[in-house]
Amino acid sequence: MMKGLKKWRLFSLLAVMMVFLSGCGEDYLSTLKPSGEVGKQQLNLLLLTTVIMTLVVVVVSVIYLLAFVKYRRSRVGENVIPKQVEGSHTLEVIWTVIPIILLLIIAVPVVTTTYKFADVAAMDEVDEEGNKTALTINVTAKLYWWEFEYPNQGIVTAQELVVPTGEKVYFNLKAADVKHSFWIPAVGGKMDTNVENLNKFYLVFDKESKDLKDGVFYGKCAELCGPSHALMDFKVKTLSPDAFDAWVDAMKATEGQTADKASTDLGEATFANSCLGCHAISGSGAGGTPGPNLTTFGDRNRVAGFLEHNEESLKAWIKNPEEFKPGNLMMNAEGTAPIYGNLSDEEIEALATYIMGLSVEK
48 MMKGLKKWRL
58 FSLLAVMMVF
68 LSGCGEDYLS
78 TLKPSGEVGK
88 QQLNLLLLTT
98 VIMTLVVVVV
108 SVIYLLAFVK
118 YRRSRVGENV
128 IPKQVEGSHT
138 LEVIWTVIPI
148 ILLLIIAVPV
158 VTTTYKFADV
168 AAMDEVDEEG
178 NKTALTINVT
188 AKLYWWEFEY
198 PNQGIVTAQE
208 LVVPTGEKVY
218 FNLKAADVKH
228 SFWIPAVGGK
238 MDTNVENLNK
248 FYLVFDKESK
258 DLKDGVFYGK
268 CAELCGPSHA
278 LMDFKVKTLS
288 PDAFDAWVDA
298 MKATEGQTAD
308 KASTDLGEAT
318 FANSCLGCHA
328 ISGSGAGGTP
338 GPNLTTFGDR
348 NRVAGFLEHN
358 EESLKAWIKN
368 PEEFKPGNLM
378 MNAEGTAPIY
388 GNLSDEEIEA
398 LATYIMGLSV
408 EK
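Positions 48 to 409 (the numbering used here) are the ones given, in order, by the sequence shown.
Keep in mind that the hints were calculated from the coordinates and are not lab data.
Treat the numbers as computed from the prediction; the structure is a model and nothing was measured.
For glycine and all other residues, C-beta sits at the position ideal for the given N, C-alpha and C.
Treat the hints loosely; a few may be bogus.
[What the hints assert, rightly or not] Computed cross-link-like contacts, DSSO-like style, restricted to lysine-lysine with a CA-CA straight-line distance of at most 30 Å: (1) K247 to K257; (2) K267 to K366; (3) K267 to K237; (4) K179 to K254; (5) K215 to K247; (6) K215 to K80; (7) K215 to K237; (8) K237 to K221; (9) K409 to K362; (10) K299 to K215; (11) K257 to K80; (12) K299 to K247; (13) K260 to K362; (14) K409 to K215; (15) K257 to K179; (16) K299 to K267; (17) K267 to K308.
[Claimed, not checked] DEER-style ranges, computed between Cβ atoms: (18) K409 to L313: 17 to 23 Å; (19) K308 to N389: 14 to 20 Å; (20) L354 to T101: 37 to 43 Å; (21) I99 to S135: 53 to 59 Å; (22) P337 to T311: 26 to 32 Å; (23) D174 to P146: 46 to 52 Å.
With the hints as extra help, turn the sequences into a complete structure.
In structure tokens form, the structure reads like this:
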């Protein structure tokens, strides 16, 4: 009876695991459904190594089982000693040469592809007018958010990376505080971001993200960086080349945009007095602000990278960001209150409405 119950428990456990695993493999997040040249080649390498390792495991297991069955005591008798093959040159050559061949089959494509992905010489190519021809994005990882600067276009944004499809996009990766790691699972990666040195690589985005579940690809920090590491998400919006150019023009058009402390709009006035010192609302310019650029906040997919994108989530975040992302730099040194001070409920509501209205796409 107990044995039967244990079998049913095991069956139930497997059933529950199947339910959870059924959520894997989404186009916007899965490395097994790549949407770019880099991701596809990385998947091919993964499949190649998996096939070879599986072959080795199967062959070794079969040899072991055959020896186990053929030379078991009940079959050959008590006093039978199998033929000894110690010192056999033939066997030694076989189990030396075959692993070398298998390692070469793995090593040659892995090394070749690694050097290919590391080739970023095109970042420095220029046209007849001296303008760089490749799209380059400076990525700066911070506790716990991402800044994306487009130096050739003269624009900057945060938390939501916007890129065109069908071309190589080059990245300069660095960290502002501690080691992080830039990873877009469905497209390719990952690459560490360090404080003292610059890492470079490229990705290719094959399809527009508008048809995905949330309209974006998901990006992650893949290096343990602090108490809110798991919440350090960013999103990637891929557009057609024409739509991307239009987005760039819309970002440039926000040049000089700011908030007025004397505004009759309570939300704008509150932002100017409490937030403008850390957060810019103009997408034109360079990065380096203490907090994320909020020019496109109304166009984003999430609040703080993971909360639902609505005013209620934003108000909760403004009231106490420490509750949602422990260790974030919006709190004072003691972590007891936001650095912008305590705002009234009326100010928070007006501020949330103002920030949600910041957009270049609407």
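Results for each hint:
1. Taking the CA atoms of K247 and K257, the gap is near 27 Å; set against the 30 Å cutoff, the hint holds.
2. A hinted pair counts as satisfied when its Cα atoms are at most 30 Å apart, and K267 with K366 qualifies at roughly 25 Å.
3. Taken as a hint, the K267 and K237 pair is honoured in the structure, with Cα atoms around 9 Å apart against an allowance of 30 Å.
4. Of the supplied pair hints, the one linking K179 and K254 holds, its CA atoms being roughly 24 Å apart against a limit of 30 Å.
5. Of the supplied pair hints, the one linking K215 and K247 holds, its CA atoms being roughly 13 Å apart against a limit of 30 Å.
6. Distance hint between K215 and K80 is fulfilled; the C-alpha atoms sit about 19 Å from each other, no more than 30 Å.
7. Between K215 and K237, the direct Cα distance comes to roughly 16 Å. Compliance with the 30 Å bound is thereby established for this hinted pair.
8. Restraint check: the Cα-Cα separation between K237 and K221 comes to about 13 Å, which is no more than 30 Å; the hinted pair holds.
9. Of the pairs offered as hints, the one joining K409 and K362 holds, with about 22 Å between alpha carbons and a cut-off of 30 Å not exceeded.
10. At roughly 22 Å between alpha-carbon atoms, K299 and K215 fall within 30 Å of each other, so this suggested pair holds.
11. For the proposed pair K257 and K80, the alpha carbon gap of about 16 Å is at most 30 Å, so the pair holds.
12. A threshold of 30 Å between alpha carbons decides the hint, and for K299 with K247 the separation of about 26 Å falls inside it, so the pair holds.
13. Note on K260 and K362: the hinted pairing holds, with a Cα-Cα distance of about 25 Å set against a maximum of 30 Å.
14. A threshold of 30 Å between alpha carbons decides the hint, and for K409 with K215 the separation of about 28 Å falls inside it, so the pair holds.
15. With a CA separation close to 28 Å, the supplied pair K257 and K179 stays within the 30 Å bound.
16. The straight-line distance between the Cα atoms of K299 and K267 is roughly 27 Å, inside the 30 Å bound, and the hint therefore holds.
17. With a C-alpha separation of about 36 Å, the suggested pair K267 and K308 falls outside the 30 Å cut-off, and the hint is violated.
18. In this structure, K409 and L313 meet the distance hint of 17 to 23 Å, their C-beta atoms being roughly 21 Å apart.
19. The beta-carbon spacing between K308 and N389, approximately 19 Å, falls within the hinted interval of 14 to 20 Å.
20. For L354 paired with T101, a C-beta distance near 42 Å keeps the hint of 37 to 43 Å intact.
21. As the Cβ distance of I99 to S135 is approximately 25 Å, the hint placing it in 53 to 59 Å is violated.
22. In this structure, P337 and T311 meet the distance hint of 26 to 32 Å, their C-beta atoms being roughly 28 Å apart.
23. Judged by the Cβ atoms, the range 46 to 52 Å given for D174 and P146 holds: they are separated by roughly 50 Å.
Violated hints for the displayed structure, listed by number in ascending order: 17 and 21.
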